[in-house]
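With chain B held as given, fit chain A onto it using these hints.
Below are the chains, spelled out letter by letter.
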Amino acid sequence: MDIALQINGTTEHLDIAPGVTLLDALREHLGITGPKKGCDRGQCGACTVHIGGRTALSCLTLAATVRDPVTTVEGLSTSDGLHPVQQAFADQDALQCGFCTPGQIMSAVAAAAQGIDDPDEVREFMSGNLCRCSAYPNIVAAVRRAGAEERRTDATV
Amino acid sequence: MIARPDAPLKVTGSATYALDNVIDGAAHGFLLLSTVAHGEVASMDVGAVRSAPGVLGVYTPFEPLTLHPVNSPLLGPMWLPLQDTNVTFHGQPIGFVVAETFEQARDAAGLVEVTYDERPAATSFADGLASAVDAQPAASEAPPSLSVLADGVASIEDALEASDVTIDATYETAAQNHAAMEPHSAVAVWAGGELTVYTGNQASHLVASDLAGGLGLPADAVRVVNPVVGGAFGGKATSMPAVLAAAAARELGRPVRAALTREQVFTATANRPATVQRITLGARGNGALVAVRHDSWSSTTPDLGFVEPTSHGTSREWYRTENLEISQKAVPLNIPPATFMRAPGEGPGSFALESAIDELAASLGMDPIALRTRNNSAAPPGKDLQWSGKHLDECFEIGAARFGWAQRSPGGRVDGDWLVGMGTATAMFPGLRFPATVGVTLHADDTATVAASGADPGTGLLGVLGIVAAESLDVDRDRVTPLLGDSRLPPGGLSGGSTATASAGSATMVAASTVIEQLLTLAASPDGPFRDREVGYAHGRVYALDGADRAPMTFGEVLRSTGRDTLGTTGTTAPGEETTKHSFGSWGAQFCEVRVHRLTREIRVSRLLGVFDAGRIINPQAARSQLMGGMIWGVSAALHEGIEFDADGRVATRDLADYLLPVNADIPDVDVRFVEHPDTLLSDLGARGLGEIGLVGMAAAVANAVHNATGVRVRRIPIRLEDLLDV
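Line order of the protein sequences matches chains B and A. Residues in the first sequence are numbered from 1 upward in steps of one, following this note's numbering. Residues in the second sequence are numbered from 158 upward in steps of one, following this note's numbering.
Any given hint might turn out to be false.
To be verified - Facing chain B, from chain A, some residues (calculated, C-beta under 7 Å): (1) A160; (2) A527; (3) A708.
What the hints assert, rightly or not - Here are a few chain A residues that sit away from chain B, every Cβ distance over 12 Å (derived from the structure): (4) Y273; (5) A558; (6) A563; (7) W790; (8) R877; (9) L878.
Unchecked claim - Computed list of chain A residues with no C-beta within reach of chain B, every gap over 10 Å: (10) V385; (11) A705; (12) E735; (13) A779; (14) T837.
No lab work stands behind these hints, which were simulated from the structure alone. Note that the Cβ used here is the ideal one computed from N, Cα and C, for glycine as well.
Chain A on its own, in the form it takes in the complex:
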């Protein structure tokens, strides 16, 4: 049994990613990006472009493609390219050249002469901190600041003052890019006023809706197809190449292909903001938290777009504390747009909070796990709604035993030329669901399909749907074909917020039980094979409840006997009143061992362990892989990746040699364990999400291990060799 239904396609090169749709007669589009960070495009001389070989169309703010305003249901008003001459960041799309071949389009784009009326650009996050403004944390109804104070406590300062031990530290995390291996790309094909777009994304029905809006079409005139997606991680909620390719294809009357180059991905999509976080913790001598203060700053765009919700995403909920105060501010800059990236808020926020907890443990002379256990919460501070299921203590207990935590000494150990340290951290990600509709169809050949518009960008959703449908229909897995990635399928399974399994999985259960009811009604109907009998269903068969005189029939036999090829229906689920009864979250304990070279300060991660409490695990092999990938993302955040800007706002780290990602040799064996307690309070399926939690806390676990090994507390990630040199 392999973990992924699409693995045979993926290992043979026959999985069809967007640009693998090679269509006769397709033209090739190439984007042109701004080379200043702020100002107006004054002129664009495209004369040489138009006369270049093979050029079919040149689109600029002065000769734009026709687009209509789009209000995305997911992301709000969408910025549309080429609609005006404003430039707000270096690397902003300002032109689109279409030619017969890729090489002709690329070469012609290089011939455009652009002049700008440049304005001063704000590009330094550090310089902007002083003038930061209050900002709404992304994806939250919460006000920027909030506090929970115990009775009789006048302020968080008073609570800190009254604490036996305090720590006060400021942490920094770098801006990041999703860097999915598949650059954003699209193939747009018009036929009879209808548009089909092949483009990797996280929810085909939402991208289809955006495209219909932008092109002024009825919703049902646009079809978006993405059976496979070459990674997304939050960065493919929208598709810039799809908008441009579709509009240009309409103008030119032929299919258009368009892809961002790797360099363009770093600016023409959107990134994770940089953050600065100040955390002040106050505790009693026994480790009990008296006060948690977490102030957060996020870089963002001049129009105050996405703000990385680090304090709201972590300190708001993680620990029991008598007093809590959190805030969120933003620094608007002339830098590329910001958006959700895997564990938005929780990722960078956990680096700060879990480093601070480690610092507090050191100040108290307590074991870091004991301090976390001491402050385990039954509900978020100031809220009555208890966690539906929280087994964090069990995660730490199992993890400590497996990892040999008892061998950790406060000053690390030495192994030859290597300083060896261990670190740990808590991981948490909210347990969420989105509305989802999934279709289940029975076929006369005794197979079934389960289908939704959402995406499997490597998450394993395809396998999850197949497993849940087979289980719900009580048939072997090889008789169920899962389908995803087509906006014509029922709208469910959006890849985001670690929601897809709980959302689309529970909708699959509803669809399956409904289709079984319909099958039974059909079987017992006047025209059915079990007319006027009481019927039941088990093991894919319909049988008579009232006697053995009638042989059971498979669902396929029932369909054939009634002259039907298929019987299908949809099931819909949505968050309901469970959210008024409990708080929901997945939890985990992260462990890391690092080895730091005594002389060169080279940092090697030598062991990783994560123990996770994510409810029921549907597909253990794929779940383990996804958590492992998340944990490696945490290592990457700690030691590798970060966007650096030049002073003029140009992204300096805009290829995969300068924007560092871990390679195979950077990563040791990774141990992933589950404590499996199904959470049926969240949904009937019992699963919570696990797409994001894998990376949460891991960067802190790495930094805490580096501290254990070297005695150096690094409060800025990614950690560089030079951070460890002054020792």
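In isolation and in its complexed conformation, chain B is listed as follows:
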């Protein structure tokens, strides 16, 4: 079937089978490989993207059902540099192998945007994203750092 997806600000037209997930559409059909397939059944979070501004598991989303704009980790950074959450992950060493990182970052962007700062609330919010290297404490630090940075920027504006 023919579908159109808005991915990171670009409209993409695809001819895919109805059973193709958003994750496979992104990776196999569009070459957008930031989102990762860690389990393909919504248990690890490595495929997390934003659909219409909300976090979603792209492995549990059929591509043909997506109407709202999709943002992947590739859509965060700009020509000005890294998104504050990406920078915070690098600075806080919130990654090791890096395979879960695109999903962690998409959840972290949502956490920072919602102003979640209490460490226990950050841990809870980020618990849909597994990290086998177990960078969890550094991920919490990165989310809080990015959130503080965003609030500081907002206050300045």
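Using the frame of chain B, we list chain A on its own:
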């Protein structure tokens, strides 16, 4: 300064893991696994598969892919898929379907009709203990059993008999899966008789060698590429999808992608065995160990494959004791293969030994740290070779002060509805090196590269190589680019045994000093800018030793003035005579605080501290992260993860909802400290490994804290709520 050179790629989604190589025209492969644990595949009806949409190839034991026997330099003879109809475990690869799309391959694989001639399967570790056989501990030359007895002592039983206090307990640890976030996967591309395979692994040159053997190719016709790896932990020494994808790609004349599903990872790779360990300790009233007996049983495969070396990995070396006896047995079962997993032997072994030491401390009425300090060793029992550097006492001293150990009471404390306890344990991992070759190349633009075939699956090796090369070349770090993960690079930096830093790091030092010598020779040569002068090198510059009349030149300027783009060489190091002079190991003190709910028995880890003696620390931020990750692995072993088998040998816990891993909310802040005493007896770099030691002892520290909090001694991990209910 960020800890990892590859962090900018990883945070933007542009790091290229194996399956991120999206290649035009690639077909998709999907594995088919056995659904019985033991028997023969009697028939496979693939008629419906062949006529399914998009199917390009169907491979089975009856129509196999052509493969040649492989004798892996690392792991010995390799099992190759589809070569015969034998089935020895549930979930064994028995078919491979290749189609135009992933969905077509997966759907077609579901159409295969398989019949089996089933045979009885041995699947129960507990049932097999009685008929266990002596087994060689993995990665060891040692015999299964050995004993060290003091003069005049006839047997370990006599030594135990003569002890003032003894404890005798049996511990159990669950089988585990590495569960790296990146499932095993590969993209295989042929061009002109040469093969390139993108596949995550721990040493690209070794996987290339295995593939060349399996496909009947000369070694230089295979290139394996893995600049980033989505976690390995011992589980990516081989690559099943790479073998299948490469062979199918040759048959089909087009690139093939293949990945294991998460469920398949639990059986089509290999796991950490389950263990049972009986430990008997005898001590004098003052805590001095008189006798240590550690008998170990490991599950393994019917052909007696990998055996988890728990007693050899811990009691053999850790404590001073007058008498020691250890043994290793194996229980062959029809279960998926076994292999190395982060801290093989030391991980499960330390749960048993360090729980037993805690039990002995309680029996003696001694502080658990005091008992460990009392039995600190200068050398392994029965060996003359002293530890090259061992600062375990300092680790405990610093750790006890930071953690507030003095506030611990033998019965724990109560905080509202929560029972709070503290536990501690020793951590140890051998200080090893492997042979390694690393290349260092100077470029005319005043940058340098440092390169090896090995892998950085999150360990931080890439940053280590960059730091060591910059330091050795005496230039800023931002002028050095480290490269890993390509079998065409010099063979070094295998990710395994916590060896990569000491091995590839010291080889980098050799390569850098050699290339500097070559640079100086070039500079002073008849065609060089410093012809016939005595020259020296500092801060990335060549200068004349005999006067200030000649301005120093950067290495780039020297290369440009001699018409060269690059000057490069390799450096090689290998374990040498240091192993005949000392024993080597990293050490650590683990601390854990748990809170157990009075009514529900929910167990929460509330504080973790590890203090480690791992020689020189090259990259403190990445080192801290790796140790922290290891410590969390210890918590996971204690409270979360374990493979459960159904009676018919099927892995019941084969996804990430059933195979429990800690999530962020399970983990508190983690405090990691180093006592930094460079170990230049092991290598010129002064670093020992720290990839594995982080988890060693931690499961015992958790269990010991649970005991402190509740009074319940749980001798089986993972600990479940129900273990604490009968109180």
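Hint check:
1. Contact between A/A160 and chain B, as hinted, is supported at the beta carbon level, the nearest pair being about 4 Å apart and thus within 7 Å.
2. The beta carbon of A/A527 comes no nearer than 30 Å to any beta carbon in chain B, farther than 7 Å, and the hint placing it at the interface is violated.
3. Using the Cβ-Cβ criterion of 7 Å, the hint placing A/A708 at the interface with chain B is not satisfied: the shortest such distance is roughly 38 Å.
4. The Cβ of A/Y273 lies farther than 12 Å from every Cβ of chain B, with a closest approach of about 27 Å, so its non-interface assignment holds.
5. At the 12 Å boundary, the C-beta of A/A558 stays outside the reach of chain B, the nearest C-beta of that chain being 21 Å off.
6. Its beta-carbon lying about 25 Å from the closest one in chain B, A/A563 satisfies the requirement of being farther than 12 Å from that chain.
7. For A/W790, the condition that its CB be more than 12 Å from all CB atoms of chain B is violated, with the nearest at approximately 6 Å.
8. In this structure A/R877 is separated from chain B by more than 12 Å, as the shortest Cβ-Cβ distance comes to about 20 Å.
9. Here A/L878 stays apart from chain B, with its beta-carbon at least about 19 Å from theirs, past the 12 Å limit.
10. For A/V385, the non-interface assignment is contradicted: its Cβ lies about 6 Å from the closest Cβ of chain B, within the 10 Å cut-off.
11. Residue placement check: A/A705 keeps its beta carbon more than 10 Å from all beta carbons of chain B (closest about 43 Å).
12. Interface exclusion of A/E735 from chain B stands, the closest Cβ pair being 30 Å apart, more than 10 Å.
13. Against the 10 Å criterion, A/A779 falls within the reach of chain B, whose nearest CB is about 6 Å from its own CB.
14. Every C-beta of chain B lies more than 10 Å from that of A/T837, the closest at about 27 Å, which supports listing it as non-interface.
Comparing the model with each numbered hint stated earlier shows that hints 2, 3, 7, 10, 13 do not hold.
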